[in-house]
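Trainee: So you can see what is in the structure, the chains are spelled out below.
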Amino acid sequence: MEPVIAFRDVSYGIRGKEVLRHLDLEVAAGETLVLLGRSGSGKTTALKMVNALLTPISGDVCVEGKPTGDWNPILLRRRIGYVIQESGLFPHFTVARNVAVVPELEGWERGRIDARVDDLLARLGLPPEEFRSRTPRQLSGGQRQRVGVARALAAEPSILLMDEPFGALDPVTRRDLQRQFLALRKAWTKTSLLTSLFVTHDVREALALATRIALLHEGRLEIVATPREFLAARTGEARSFLAALEDLREA
Amino acid sequence: MPPTLAREILERTGEHVVLVAIALFAASLVGIPTGIFLTRKAAWRGVVLGFTNVVQTIPSLALFGFLIPLPFIGGIGKRTAVVALILYALLPVLRNTLTGILGVDPAVVESAVAMGMTDRQRLFQVELPLAAPTILAGLRIAAVTTIGTATIAAAIGGGGLGVFIFRGLASVDSAQILAGAVPAALLALAADGGLGWIERRFARF
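Sequences listed follow chains A and B, in order. Under our numbering, the letters of the first sequence match residues 8 to 258, in that order. Under our numbering, the letters of the second sequence match residues 668 to 872, in that order.
Misleading hints may appear alongside valid ones.
[Unchecked claim] A few chain A positions that, by computed beta-carbon distances, are all more than 12 Å from chain B:
1) HIS29
2) GLU116
3) ARG211
4) GLU225
5) ARG256
[Unchecked claim] 25 Å max Cα-Cα, derived SDA-like pairs, lysine to any residue:
6) B:LYS708 <-> A:ILE64
7) A:LYS24 <-> B:GLU777
8) A:LYS24 <-> B:ALA710
9) B:LYS745 <-> B:LEU836
10) A:LYS24 <-> B:ALA774
11) A:LYS24 <-> B:ALA709
12) B:LYS708 <-> A:GLY76
13) B:LYS708 <-> A:ALA59
14) A:LYS73 <-> B:THR785
15) B:LYS708 <-> A:THR62
16) A:LYS73 <-> B:ASP786
17) A:LYS24 <-> B:PRO773
18) A:LYS73 <-> B:GLU777
19) B:LYS708 <-> A:ILE21
20) B:LYS708 <-> A:ARG22
21) B:LYS708 <-> A:GLY20
22) B:LYS708 <-> A:LEU61
23) B:LYS708 <-> A:ASN79
24) B:LYS708 <-> A:ILE81
25) B:LYS708 <-> A:LEU60
26) A:LYS73 <-> B:VAL780
27) B:LYS708 <-> A:PRO80
28) B:LYS708 <-> A:GLY23
Everything labelled a hint here was simulated from the structure, so no lab data went into it. Note that the structure is a prediction, hence the values are computed from the model and not measured. Glycine included, C-beta positions come from ideal geometry on N, C-alpha and C.
Bound-form chain A, shown alone (with noise of 0.2 Å):
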């Protein structure tokens, strides 16, 4: 089957430094790759050129089999959720017009975008009569995260990027979330498949959450592997990230 996400030798820099190295990689339909490294490993260039909010130096990054730069940007990132750290919600707007970004761009009738919000607002456990007239100011940092999920998710998109969604969340409200995205997932995938890149420094969040873990190191990819896999991986870095958890199971 064809990968629903693929890079082709992509390379990219800015004022002369190299941020991504001739990245190959492929994501395919209904899977989660988490991209893995530190901070400066270009795992979060990578992302933002799925959505065309970064274009590659060379290579192609390919979204359905067409390169990024053949989309139109406006439909490409409309089809793709994004989620972002700081949530990146709309202050002025209510959490329900906030959820409704992107169908209301869309042109969805009144009626099909009030269910969707209430039915996903449900499911990432705020209730819709508490929460949807609340504006993002009235939410706590984990209810921010749950709406900006919730909004990622509004218009039905095929494609799911998370951009260390929980990284600025308390442990226990970070596990709640996700487990709430693993519940989704599986609901998700009955209907239509997602598939989903998700960026995290977190190697205890990419061993929970990734069907495939992409380890990247200064620019460069150093292994895909499965969770599993990833655990007996022995090469430099990923032995790094996994002293890293020793050091806390010890502690």
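Knowing the structure of chain A, use the given hints to seat chain B on it.
Mentor: Quick look at chain B alone, frame taken from chain A:
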């Protein structure tokens, strides 16, 4: 106070308000779109802001004087006065539009782009509403300074409350000076208070 003076104060205040209102309206009409344009074209920022900054440093009496010999916009009277007032009001409106939009949380702007908003949708649904308090603050500063500067319009036959001030200065009559200065100060306070109130209504996020 003799009734003729009271009536003249009212008339001159009316003229003053009209001068200021026209100047502010025109300054917004030019300044806000120019400010928006500059958020999209970083290369133009230096030139345009430089020009408006330089205008701002010209002493107002001199600027009114400079405009008199110019064709079309110059001459003696209200039209020249309005042109000078527009030039003064332009900087605060333009600069606050620019800084207001550039000051919107980058994560919010990135989200708007990533959701698939067009440039126009991003501007009208996200950037302008969030920059509104800053743009209004610019308008408020412009209003207060323009009310003050407009008193100088009388020097070139523009009318307004400055008529009393110049008359009072010429005849060493402080009552006349006060008849111009006090209403001007009250107008400035009213504009500051009124626009400040609107600004706070917008700044609730």
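Trainee: Compare the structure with each hint and give your call.
Mentor: How the hints compare with the structure:
Even its closest Cβ contact with chain B, about 26 Å, leaves HIS29 of chain A beyond 12 Å, as expected for a residue assigned away from the interface. Against the 12 Å criterion, GLU116 of chain A stays outside the reach of chain B, whose nearest CB is about 19 Å from its own CB. No Cβ of chain B approaches the Cβ of ARG211 of chain A within 12 Å, the least distance being about 25 Å, so the stated non-interface status holds. Look at GLU225 of chain A: its CB is around 25 Å from the nearest CB on chain B, clear of 12 Å, so calling it non-interface holds up.
Against chain B, the non-interface label of ARG256 of chain A holds: every CB pair exceeds 12 Å, the least being about 34 Å. Distance hint between LYS708 of chain B and ILE64 of chain A is fulfilled; the C-alpha atoms sit about 23 Å from each other, no more than 25 Å. With a C-alpha separation of about 23 Å, the suggested pair LYS24 of chain A and GLU777 of chain B falls inside the 25 Å cut-off, and the hint holds. Note on LYS24 of chain A and ALA710 of chain B: the hinted pairing holds, with a Cα-Cα distance of about 24 Å set against a maximum of 25 Å.
Distance hint between LYS745 of chain B and LEU836 of chain B is fulfilled; the C-alpha atoms sit about 21 Å from each other, no more than 25 Å. Straight-line distance between C-alpha atoms of LYS24 of chain A and ALA774 of chain B comes to about 24 Å, which keeps the hinted pair within the 25 Å bound. At roughly 23 Å between alpha-carbon atoms, LYS24 of chain A and ALA709 of chain B fall within 25 Å of each other, so this suggested pair holds. Straight-line distance between C-alpha atoms of LYS708 of chain B and GLY76 of chain A comes to about 23 Å, which keeps the hinted pair within the 25 Å bound.
Restraint check for LYS708 of chain B and ALA59 of chain A: satisfied, since their Cα atoms lie roughly 21 Å apart, inside the 25 Å limit. A C-alpha spacing of about 21 Å is found between LYS73 of chain A and THR785 of chain B, which places the hinted pair at or below 25 Å, so the restraint holds. Our distance criterion of 25 Å between C-alpha atoms is met by LYS708 of chain B and THR62 of chain A, whose separation comes to about 20 Å. Of the supplied pair hints, the one linking LYS73 of chain A and ASP786 of chain B holds, its CA atoms being roughly 24 Å apart against a limit of 25 Å.
The suggested pairing of LYS24 of chain A with PRO773 of chain B holds, with an alpha-carbon distance near 23 Å, which does not exceed 25 Å. As the CA atoms of LYS73 of chain A and GLU777 of chain B are separated by approximately 23 Å, the hinted pair is consistent with the 25 Å bound. Only pairs whose Cα atoms come within 25 Å are accepted, and LYS708 of chain B paired with ILE21 of chain A is accepted, the gap being roughly 20 Å. For the suggested pair LYS708 of chain B and ARG22 of chain A, the alpha carbons sit about 20 Å apart, so the restraint of at most 25 Å is met.
Restraint check: the Cα-Cα separation between LYS708 of chain B and GLY20 of chain A comes to about 23 Å, which is no more than 25 Å; the hinted pair holds. Pair hint LYS708 of chain B plus LEU61 of chain A holds up; C-alpha atoms about 19 Å apart against a cutoff of 25 Å. The suggested pairing of LYS708 of chain B with ASN79 of chain A holds, with an alpha-carbon distance near 22 Å, which does not exceed 25 Å. Distance hint between LYS708 of chain B and ILE81 of chain A is fulfilled; the C-alpha atoms sit about 21 Å from each other, no more than 25 Å.
Restraint check for LYS708 of chain B and LEU60 of chain A: satisfied, since their Cα atoms lie roughly 19 Å apart, inside the 25 Å limit. Between LYS73 of chain A and VAL780 of chain B the alpha-carbon distance is near 20 Å, which keeps this suggested pair within the 25 Å criterion. In summary, the hint linking LYS708 of chain B to PRO80 of chain A is supported, as the alpha carbons are separated by about 21 Å, within the 25 Å threshold. Distance check on the hinted pair: LYS708 of chain B and GLY23 of chain A sit about 24 Å apart at the alpha-carbon level, within 25 Å; holds.
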